[in-house]
Amino acid sequence: MTARRGLGGFALAALLIGYPFLDRALGLQTVHAVSDGMIYVLLALGLNIVVGYAGMLDLGYAAFFAIGAYAMGLLNSPVLGSPLYGYAWSFWLCIWIAAAVSALLGTLIGAPTLRVRGDYLAIITLGFGEIIPVAIRNLGDVTVEIGGWRPVERLNLTGGENGVNPVGRPYLPGVPFETDPVPWYFLILVIGLFSLWAMSRLQDSRLGRAWMAIREDETAADCTGVNPISTKLLAFALGASFSGFAGSIYAAKLQAITPGAFEFQVSIMLLCMVVLGGAGSLKGVILGAMLITLFDRVVLAEATFFLRWLGRSLGVPLLVTADLTLWRWFFFGLGLVLVMLLRPQGLAGRRIRPMLVPDTDDAVEVAPPPAPRVEAIPGWLRERAHRVGAAAGTGPILEVRGLVKRFGGIVALNEIDLVVPRGSIIGLIGPNGAGKTTFFNVVTGLVRPDGGVITFEGRPLAGLRPNAIVARGIARTFQSIRLFANMTVLENVLVGEHCRLRSTVPGAVFRPPAVMAEEARARERARGLLAFVGLADKDGDLARNLPYGDQRRLEIARALATEPRLLLLDEPTAGMNPRETETLTELIGLVRRELALSVLLIEHDMQVVMTISDRITVLDYGTRIAEGTPAEIQRHPRVIEAYLGTGYEPAAPGGAI
Amino acid sequence: MLALDDVHTYYGNIRALRGISLTVQPREIVTLIGANGAGKTTTLRTILGAVRPRRGTVTFNGQRLDGLATDRIVRLGIAQSPEGRRIFPRMTVLENLEMGAFARADREAIAPDLERVFTLFPRLRERTAQKGGTLSGGEQQMLAIGRALMARPSLLLLDEPSMGLSPILVDAIFKIVVDINRQGTTILLVEQNARMALRVAHRGYVIQTGRIVLQDAAADLLRSDLVRKTYLGEK
Numbered sequence: 001m002t003a004r005r006g007l008g009g010f011a012l013a014a015l016l017i018g019y020p021f022l023d024r025a026l027g028l029q030t031v032h033a034v035s036d037g038m039i040y041v042l043l044a045l046g047l048n049i050v051v052g053y054a055g056m057l058d059l060g061y062a063a064f065f066a067i068g069a070y071a072m073g074l075l076n077s078p079v080l081g082s083p084l085y086g087y088a089w090s091f092w093l094c095i096w097i098a099a100a101v102s103a104l105l106g107t108l109i110g111a112p113t114l115r116v117r118g119d120y121l122a123i124i125t126l127g128f129g130e131i132i133p134v135a136i137r138n139l140g141d142v143t144v145e146i147g148g149w150r151p152v153e154r155l156n157l158t159g160g161e162n163g164v165n166p167v168g169r170p171y172l173p174g175v176p177f178e179t180d181p182v183p184w185y186f187l188i189l190v191i192g193l194f195s196l197w198a199m200s201r202l203q204d205s206r207l208g209r210a211w212m213a214i215r216e217d218e219t220a221a222d223c224t225g226v227n228p229i230s231t232k233l234l235a236f237a238l239g240a241s242f243s244g245f246a247g248s249i250y251a252a253k254l255q256a257i258t259p260g261a262f263e264f265q266v267s268i269m270l271l272c273m274v275v276l277g278g279a280g281s282l283k284g285v286i287l288g289a290m291l292i293t294l295f296d297r298v299v300l301a302e303a304t305f306f307l308r309w310l311g312r313s314l315g316v317p318l319l320v321t322a323d324l325t326l327w328r329w330f331f332f333g334l335g336l337v338l339v340m341l342l343r344p345q346g347l348a349g350r351r352i353r354p355m356l357v358p359d360t361d362d363a364v365e366v367a368p369p370p371a372p373r374v375e376a377i378p379g380w381l382r383e384r385a386h387r388v389g390a391a392a393g394t395g396p397i398l399e400v401r402g403l404v405k406r407f408g409g410i411v412a413l414n415e416i417d418l419v420v421p422r423g424s425i426i427g428l429i430g431p432n433g434a435g436k437t438t439f440f441n442v443v444t445g446l447v448r449p450d451g452g453v454i455t456f457e458g459r460p461l462a463g464l465r466p467n468a469i470v471a472r473g474i475a476r477t478f479q480s481i482r483l484f485a486n487m488t489v490l491e492n493v494l495v496g497e498h499c500r501l502r503s504t505v506p507g508a509v510f511r512p513p514a515v516m517a518e519e520a521r522a523r524e525r526a527r528g529l530l531a532f533v534g535l536a537d538k539d540g541d542l543a544r545n546l547p548y549g550d551q552r553r554l555e556i557a558r559a560l561a562t563e564p565r566l567l568l569l570d571e572p573t574a575g576m577n578p579r580e581t582e583t584l585t586e587l588i589g590l591v592r593r594e595l596a597l598s599v600l601l602i603e604h605d606m607q608v609v610m611t612i613s614d615r616i617t618v619l620d621y622g623t624r625i626a627e628g629t630p631a632e633i634q635r636h637p638r639v640i641e642a643y644l645g646t647g648y649e650p651a652a653p654g655g656a657i
Numbered sequence: 658m659l660a661l662d663d664v665h666t667y668y669g670n671i672r673a674l675r676g677i678s679l680t681v682q683p684r685e686i687v688t689l690i691g692a693n694g695a696g697k698t699t700t701l702r703t704i705l706g707a708v709r710p711r712r713g714t715v716t717f718n719g720q721r722l723d724g725l726a727t728d729r730i731v732r733l734g735i736a737q738s739p740e741g742r743r744i745f746p747r748m749t750v751l752e753n754l755e756m757g758a759f760a761r762a763d764r765e766a767i768a769p770d771l772e773r774v775f776t777l778f779p780r781l782r783e784r785t786a787q788k789g790g791t792l793s794g795g796e797q798q799m800l801a802i803g804r805a806l807m808a809r810p811s812l813l814l815l816d817e818p819s820m821g822l823s824p825i826l827v828d829a830i831f832k833i834v835v836d837i838n839r840q841g842t843t844i845l846l847v848e849q850n851a852r853m854a855l856r857v858a859h860r861g862y863v864i865q866t867g868r869i870v871l872q873d874a875a876a877d878l879l880r881s882d883l884v885r886k887t888y889l890g891e892k
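Protein chains in written order, with the numbering used here: chain P, 1 to 657; chain V, 658 to 892.
So here's chain P without its partners, still in its complex pose (with noise of 0.2 Å):
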């Protein structure tokens, strides 16, 4: 296998070397469309850290190209009249520049838009992406006058409507860059191959799965202890520096630049792209690029030819005057068309299969989750447990008073004080709709009080965003499961560990050895908590595909990656038959019990909840009702009346009906 890949590697390697010459010698002049078909690969690739790895379209991403492009043309042109203007900026220089400008205004942009969400960014980036060329077309003759003082005075900063000719070209001793394509094929072929390297770390790093995670469920992402914002950010900004990459050596090998080559078209051609060779593949990006940019460059280009000379042959004047490249567009349209038809994932894309039983021929039971057992607790967490346990004070962990949350005219929350000592759990119970879920989101900060304070470890959380909460030290479950579904099972649990990771940008690229050891202490931890919880063999599967109690045992284990103190569940046995419920039941008396972990549970399990709980907590309506051992609340008449129901039996063998 590695020896077959080996030479795999080697045969492409040598075809990629030795393409420029064999071009040369058939005569095919394809190197020019082939080094343009990389430069759109580059930008392929980062559109697909945008699209493909966060999940957000954006149909202005032209605009970063022209950013690039015109950062080198007003850097390395002897012909505008910009104040660099005589500076022999050299090439190699102005790339980086270029970059880092597309990477900024990436940033500027982002930084306002990102707050909305999904069609409303898609619309933002259309804006921002038809504002550039105008912009750029308008700033050929610039004039500034203050009160009769004029500091610029018809500056030419892009050129307008004509655009930059010449852009300066890269110079190195003795490398023909103004005559041959073949140095110009090899420059673009060791950046790209730079690019994909760099990109295939990150999309295996911290970044790429928060990236990921994201895309899959921002909310669930928040509260798994991923900053949105600024996640989406990175994206956006480095998503631009490919851009601005690529737009300055397209700028530099084109050696002309106009506004017109960076309309809303390009920003759609660069979609297709991605989203025909598969969305968040390397691969795919690759591919997808490759194939629109030779297609419309050789293919539609040769088959016009040989549609004339058929035409000509035949006597036919239609085949004669044809020009295939003036229907390109149809045929981008169509491909992309047959694409989702049949192939939606992408043409290199991961496909997702459904799995939703083993396949085994014998009609034996699905083997129950075995047991918690408490040699399988992961030794780092308990070490951390009684670390803090030395550490932590008297007082109780949480602390809520007067907690006032309004939905219009209703009153979800009312003046609701509630209080989990430290290691305890409480039981937080009420008729559907009574408002414990509403007091999940405010605790965990998806959702801002109108009043009240929340006091965790002594602290207020008051004003803290979801992760920010998630870093403090509580975690939570979803009563409707959050999985980021099309990940693995240990990506999943990787995600929890992102607060408490480090590695930045140049970190996941580089891999110096302490990011390597991080990371494989990361993976070895998500394997521990996944080996306790009773999923050691599943590490590999997609959340997607795990049948559902399995499901609930993951989002546990995710929310204990993040080291919490405070664990929120969410009615965590709903749709559990009784041996998974029990299962789950001792589950949480155990990290309560060895990992000094406390918990605030919801859950309809009376069975579960009278068991395991310390004390409980009773809203109707967002009104505390309640409050006491579960001895008392089973006899409350008012808890009777509301949630328990007459037909309930405190001493039910069994049953928790």
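No lab work stands behind these hints: they were computed from the structure.
Just so it is clear, the structure is predicted and the values come from calculations on it, not from any experiment.
Even for Gly, the Cβ is constructed at its ideal location relative to N, Cα and C.
Each hint should be verified, as a subset may be incorrect.
[What the hints assert, rightly or not] Here are the simulated lysine to aspartate or glutamate pairs, EDC-like style, with alpha carbons at most 20 Å apart:
id, chain 1, residue 1, chain 2, residue 2
1, V, K832, P, E641
2, V, K886, P, E582
3, V, K886, P, E586
[Said to hold, decoys possible] Beyond 10 Å from chain V on every Cβ pair, some chain P residues (computed):
id, residue
4, L104
5, L189
6, G208
7, Q255
8, K283
9, F305
10, T438
11, A462
12, P637
Fit chain V to the given chain P structure using the hints.
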């Protein structure tokens, strides 16, 4: 009334159902119990035409269902309250309920049925103008059941109706199941709460890894060793 005969359903190459045969007689409550991933929901999806069986037949009042589109099947008189509360989040509670009656021709009979749903779930009456997506999880569950009832089906498929409901409502929901059954609706009930399901049902089937391993009168299943150990959690 409903008969599945040797139904095999696949997801890709994965066999989810491996020869399910079951019948539901008119005016019966039949329950299907089994562990997570055993194929209960897939059975309901196959009946409704959301997935096609690769082998076997599904018949309803003598008419073949396998191969029909879901909306056609619903028009024949089958309605489902899906697992996971697939309500319309941006429509109001009232609009959601009205959507349940979308395929009905007897417009004048809809108002009394709406009243019946509101009587069953007073909480929904309080929230008629609220958007479905802003309801709590349990309220959405009520809405999903109410919407299924609005279709006034002759056969009602219920997928875990008690999930996420408070104990008092779990009691209520099973009373409702019995009530609507007495009013003439046949019910196929999928439930994790096997004890309650077997108490209200006439007959039951136990499903394991895509096969029916046990079928009997509900009262007898409640006493069977396999059911008591595996699905009732008794030692």
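Against the structure, the hints:
{"no.": "1", "hint": "V/K832 <-> P/E641", "verdict": "17 Å, holds"}
{"no.": "2", "hint": "V/K886 <-> P/E582", "verdict": "12 Å, holds"}
{"no.": "3", "hint": "V/K886 <-> P/E586", "verdict": "18 Å, holds"}
{"no.": "4", "hint": "L104", "verdict": "38 Å, holds"}
{"no.": "5", "hint": "L189", "verdict": "39 Å, holds"}
{"no.": "6", "hint": "G208", "verdict": "27 Å, holds"}
{"no.": "7", "hint": "Q255", "verdict": "52 Å, holds"}
{"no.": "8", "hint": "K283", "verdict": "22 Å, holds"}
{"no.": "9", "hint": "F305", "verdict": "45 Å, holds"}
{"no.": "10", "hint": "T438", "verdict": "8 Å, violated"}
{"no.": "11", "hint": "A462", "verdict": "24 Å, holds"}
{"no.": "12", "hint": "P637", "verdict": "13 Å, holds"}
Violated hint: 10 only; the structure is consistent with all others.
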